[in-house]
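Undergrad: Chains as they are written, first to last, in the UniProt record's numbering: chain V, 1 to 392; chain R, 1 to 392; chain D, 1 to 392; chain C, 1 to 392.
These aren't lab readings, by the way, just hints derived from the structure by calculation. The model shown is predicted, which means the values in this text are computed figures rather than measured ones. The C-beta atom is built at its ideal place from N, Cα and C for all residues, glycine as well. Heads up, some of the hints might be wrong.
Claimed, not checked - Not the full set, but computed from the structure, chain C residues with beta-carbon under 10 Å of chain V:
id	residue
1	ASP249
2	GLU252
3	ARG286
4	ARG380
5	LEU381
6	HIS384
To be verified - Every beta carbon over 12 Å from chain V, so not counted as near; a handful from chain D, in silico:
id	residue
7	SER11
8	VAL58
9	PHE59
10	ASN326
There are 4 protein chains.
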Amino acid sequence: MSKGTVVLAYSGGLDTSCILVWLKEQGYDVIAYLANIGQDEDFDAARKKAERLGAKKVFIEDLRAEFVEEFIWPSVQASAIYEDRYLLGTSIARPCIARRQVQIAQKECAQFVSHGATGKVSVCAQCTCSLPESTVHVQVSRPVHLELAILGSEMGMAKHGIPVPVTPKAPWSMDANLMHISHAPSDLYLMTKNPEQSPNTPDMLEMEFKSGKPIKVSHVTDGTTKDTPLEIFLYLNEVGGKHGVGRIDIVENRFIGMKSRGIYETPGGTILHHAHLDIEAFTMDREVRRIKQGLGIKFSELLYNGFWYSPECEYVRHCIAKSQENVEGKVQLSVFKGNVNILGRESPKSLYNEELVSMDVQGEYNPCDASGFIRINAVRLREHHRLQGLNQ
Amino acid sequence: MSKGTVVLAYSGGLDTSCILVWLKEQGYDVIAYLANIGQDEDFDAARKKAERLGAKKVFIEDLRAEFVEEFIWPSVQASAIYEDRYLLGTSIARPCIARRQVQIAQKECAQFVSHGATGKVSVCAQCTCSLPESTVHVQVSRPVHLELAILGSEMGMAKHGIPVPVTPKAPWSMDANLMHISHAPSDLYLMTKNPEQSPNTPDMLEMEFKSGKPIKVSHVTDGTTKDTPLEIFLYLNEVGGKHGVGRIDIVENRFIGMKSRGIYETPGGTILHHAHLDIEAFTMDREVRRIKQGLGIKFSELLYNGFWYSPECEYVRHCIAKSQENVEGKVQLSVFKGNVNILGRESPKSLYNEELVSMDVQGEYNPCDASGFIRINAVRLREHHRLQGLNQ
Amino acid sequence: MSKGTVVLAYSGGLDTSCILVWLKEQGYDVIAYLANIGQDEDFDAARKKAERLGAKKVFIEDLRAEFVEEFIWPSVQASAIYEDRYLLGTSIARPCIARRQVQIAQKECAQFVSHGATGKVSVCAQCTCSLPESTVHVQVSRPVHLELAILGSEMGMAKHGIPVPVTPKAPWSMDANLMHISHAPSDLYLMTKNPEQSPNTPDMLEMEFKSGKPIKVSHVTDGTTKDTPLEIFLYLNEVGGKHGVGRIDIVENRFIGMKSRGIYETPGGTILHHAHLDIEAFTMDREVRRIKQGLGIKFSELLYNGFWYSPECEYVRHCIAKSQENVEGKVQLSVFKGNVNILGRESPKSLYNEELVSMDVQGEYNPCDASGFIRINAVRLREHHRLQGLNQ
Amino acid sequence: MSKGTVVLAYSGGLDTSCILVWLKEQGYDVIAYLANIGQDEDFDAARKKAERLGAKKVFIEDLRAEFVEEFIWPSVQASAIYEDRYLLGTSIARPCIARRQVQIAQKECAQFVSHGATGKVSVCAQCTCSLPESTVHVQVSRPVHLELAILGSEMGMAKHGIPVPVTPKAPWSMDANLMHISHAPSDLYLMTKNPEQSPNTPDMLEMEFKSGKPIKVSHVTDGTTKDTPLEIFLYLNEVGGKHGVGRIDIVENRFIGMKSRGIYETPGGTILHHAHLDIEAFTMDREVRRIKQGLGIKFSELLYNGFWYSPECEYVRHCIAKSQENVEGKVQLSVFKGNVNILGRESPKSLYNEELVSMDVQGEYNPCDASGFIRINAVRLREHHRLQGLNQ
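Just chain V, with the same shape it has in the complex:
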């Protein structure tokens, strides 16, 4: 008799193949679920492999459009960046993948969800934590799967004639999606050209934003235009990749408390990060921006740590979205040899007032204003220095 049905996040690779077999052997019915989030994968081959290994059903789901609109766009609005450098390409994909997995579990009346993350805690934390509200009622998410998965990956291979790789497993694993590829140090870059070999002439783009989200990208000289989220993002990946944009090699702090080296390619995400920063600075009040900056840092930590579906992350996303209402306009930029150079910007909502900038010549405030402003500001400082003098 079946112990129940498991929806397994299946990659087509060795680990999750082992888990699939092992879960079956333990008496579970297994539904294989493979999310297409833009990785380079032979989905048909993966489907056949899963069926051959005994999956009762196989779901291959194209999540690319919702990945861009519902997960990448909010991260762009937030200027999400972890520890000042990492654009969170792996982290952004997880809640997108997990959400569909749970939806399938509900539809198929599965009691369990499972995935192949071998002890990679942050992955798991994500998975457990990120179940959307709706699913909790049907009790799908018993984390029982975790031990199964872990045992599976280590024991299953030999038992089932799945060839065990000769070299010990590296601490890195490649993780690829529409947003980025994460690498081992010795890997070949896949999304981006080496800037040393990239073209010697820049491409000029114009990015258009509304409510802090990209709504159009145009190539200034060849006239190419994209205006759906997925197309915009694919095109930015193409242009950024061609010019070697978005490679980084960093050491980052993982959730569970250790430092970890990460090598990432994020071409389109890098262009968007810079363009959005620019249009935001152009259209957002200075003090609102400061508050939003703090919320963006918080959002980035939550995203990195796997808390997308937490109440605090929902709250922060709401507040960030609110801040973006006037973030609207066009940014001109060039992409060249790994660089994204902002060339200009325009906006109907701009707070930039050229007349105001030059008002020191004959302006709306006069020298006496400036003097008073300074004098009042100085009251506190003078008191401080007076006291320091008295006490020396």
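Knowing the structure of chain V, use the given hints to seat chains R, D and C on it.
TA: This is chains R, D and C only, laid out in the frame that chain V set:
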């Protein structure tokens, strides 16, 4: 009879020449003070001009070494950056210049200090606010100078036969120092090559840090080595400039509340910013880093707004310096076509533990740990979702 | 010929009477505006006085209900408190008063608004800064009024036979409204009994909240019930006042940079502050609360500094209101001898789960979870200590 | 053969007695360790009981003075308060207890430490996380103890004839120390009188601080004076307790993510909290205070969550201590019927300048300053409103 002595921050240019003349005409004795903070200037010619215009004394002070050690280094430690993009090259110079001006005023028993900032409030705020403690006792800093200066710059020119420029004054002014050059949109770049014309092969450098401060830079292939603050910084400017590093075109929020376009070149500062970020992430505890990140944002705002000598900025600098005690080690990087690419890092104080990273294979914590960790974390989230369910 | 019409915020007292006369003398038509925000005032007498002094029109506006609903309630939601102690009773009233003043100016086609704050910068900043968006178009708000007002208050008295007080003006002035009274040290308390003379038996109240706002208060024993904002607040003032609740004597930091002593009575506001803190802690997720706490501190600073109508304050109010959606339920409390004691709370939205609290006995997570949780948390700490050991 | 030596944090109560017996039965040598942190306990009886149950050695350590100086004082400096209400009396004691436990383990060459916290994760996290640096080298702290302890508490009682309580265990446990007592709802209060029965006349105290730490307390009328940390704190407990100060009934958010009711008595700590807030506001620069306030909130979270010995908590304590250098002076206060009323304060380091407060009459800054200050501040707001108008 003299109304007293004014120490005038003199640039050699039109504005401050007018102020000099005007101050004399108003009955003040004028001491001209010209700080060498690395700008491209004919200091001898400036001295002669000041003397010719009637300055009682002229002080030309080489502040470059203290500018690097006492002002740029703390900003590097802080990862000081304004609104995520501007490395604060103008702001960092001001407290350095103002400090010496006040010291001269004290030594020369001057009653006033003055400068040529025509209504540029932030400059003035800096000047008034940034007087070091010691000087307040002798009451040097009456902001009376401000009105004088402002009136001077607008009225003085015609009266004294100093030729008035035909075109109305641009809202931009070029500001140059060791750290950066700030530009008008139509200016020629001076410190950096255009990446399109820069060399086709990268230069590889190794930066060495101790307590978060650069202590050595070496060129990996040609063996050049620099190990004093000023030499290090000049060399980084040279290499960065050669490869077109550190150009930005931004809109920033000024202290007085308007948006302003800024075009900056900061070659050496940009290299240092990236190298320091890397060695800091490699050696600093994650949670200390988060706290320090917040303090660095605060420091950047204070610096931008002219509050270097405020009690809060002194406090923040102390706390940031404390955080840097273990920020020590070497960073390898390449500089190429506007990019600073981190290649690797090493440190005796590293918290990076390669064994730990791979511990999911056979590690110090076991799958059960991970599972427990996740389950405990999930308690709060499950409660939240339970409640959401109840209330739907 | 008239220089235009000024809407003068008129208190009926000496200062604003002088300003009224002086403004007329300068050639302005004056509309006197007196806001009823709950202060103890003979409004009829004030009207007559203003008319006698030459006001073209007199507006006496009862703003009490909107003061409670639109200004006090958001402050309660924010747990607004300045420097950990001051409940901001003066600050909350200003944007309420200023808004109506500007509305009257628009309706009456006045070109100016004026008020009697003699150099009290924070008051003025409030007034100038707090003009709602709509009014800027008709250019009502030239701060010209400020100098008028200031000159008026100092010069006007003698000229017009208004008796000048013999004693020099105290640095304190009493400021009273529905929310609080601010005092000079030697004043008699007006809203609250001395706890030493207050009743020897407590009153028990039950406060009901929805979306973080009070919607009902009931006296547990005598059955009194109030359920409109103004009535609720008046009743809490009555009960709090009877028991000596809400007296403080503090030194606070003023916006312009000096320290200032403040003595305040805020009976109803103090009860609400405690009751709201309690229901909020009971119903809000821990991590959302942390974020909201930071926003509340920001809100308090903005409010204190007169920036209610700034973009950042609008933004923060929106975010805080969002956080309050589930802050709903009843709090039981006793009021006695200056104390507000929380006795209990209940809520349909509570995240408090008594079973969960005792789950260590036979709970949803088991000892192994706890152990794993601790072990994972300890990874970072052990690495830190390992390094410290290596470097000693 | 012994499995090794365990240093058991022994309370003399049922739980830890069971653990002691169970550990022995499992083959461990047990050293019982009982910290005197001010709880009401018969230490001699506890020693005898531990010996009778088979402890190899018994350490009873009077930690009261170091508890006050090294743990309570830094918390007072930090204005440590959790979720705006709880003074952290339980949390502050743990790192003090754990430190000595580890020191004993090292001195006695014990391999393990253990305690009786039955699944109360936060307790355990504290214990594991809070081991000072020095001890990690000798590998004392394997959290193996945890399972032992937990199993012990549930299974040991029956086996060893220790009477099992008839009623199921309450989710609350009383926790008492010098700083506070934590209660179950039905408990009798032990440290504080009911304000309804407390004296009808207040006691007046004068607290003296240096570097933010209490250095003396005097009774204004009866002349009692205390000037060592332990005596000061005991005396404040006595006076506060006599007047019913420091009782709270709250719901708080626990580290592991659930809400928990807490009822606390903290008489002396409450007096100190208010007195320190007052002298700090009186002597600290406004902007330094804001930064320190944020650090204090962080410190409170770390303390609550058991991270006293973490790098971030060490860092935050350092920064907070730095902020306290000028927090010096005397605070007069009355204690009465549950209230702590600040009556006045004085300080050689005060930034309070009575002349400055009244400077609007004839002051150091003039009306024009104020006007300029306001006008400059308004630049940003006017731009914002202009834009809002354009876009409506």
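Undergrad: Would you assess whether D/ASN326, listed as outside the interface, keeps its beta-carbon beyond 12 Å of every beta-carbon in chain V?
TA: Incorrect as stated: the minimum Cβ-Cβ distance to chain V is 9 Å, not above 12 Å.
Undergrad: Under 10 Å is the threshold here; is the Cβ of C/ARG286 close enough to any Cβ of chain V for the hint to stand?
TA: At 7 Å from the nearest chain V Cβ, C/ARG286 passes the 10 Å test, so the hint holds.
Undergrad: Since D/VAL58 was said not to touch the interface, does its Cβ keep a gap of more than 12 Å from each Cβ of chain V?
TA: The claim stands: D/VAL58 keeps its Cβ more than 12 Å from every Cβ of chain V (closest is about 33 Å).
Undergrad: Per the CB criterion, is C/HIS384 less than 10 Å away from chain V?
TA: holds (6 Å)
Undergrad: Regarding the hint that C/ASP249 lies at the interface with chain V, is the smallest CB-CB distance below 10 Å?
TA: Violated, because the Cβ-Cβ distance from C/ASP249 to chain V comes to roughly 25 Å (cut-off 10 Å).
Undergrad: Checking hints one by one. Is C/LEU381 an interface residue toward chain V, by the C-beta closer than 10 Å rule?
TA: holds (9 Å)
Undergrad: In terms of Cβ atoms, is chain V entirely out of 12 Å range of D/PHE59?
TA: The claim holds: D/PHE59 sits with its nearest Cβ about 30 Å from chain V, beyond 12 Å.
Undergrad: Could you check if C/ARG380 really has its C-beta closer than 10 Å to a C-beta on chain V?
TA: Holds - the Cβ of C/ARG380 comes within 10 Å of chain V, reaching about 7 Å at its closest.
Undergrad: Minimum C-beta separation from D/SER11 to chain V exceeding 12 Å: can you confirm that?
TA: holds (25 Å)
Undergrad: Should the hint that C/GLU252 touches chain V count as held when the rule is a Cβ pair under 10 Å?
TA: This interface hint is violated because 17 Å lies over the 10 Å limit.
Comparing the model with each earlier hint shows violations of hints 1, 2 and 10; every other hint is respected.
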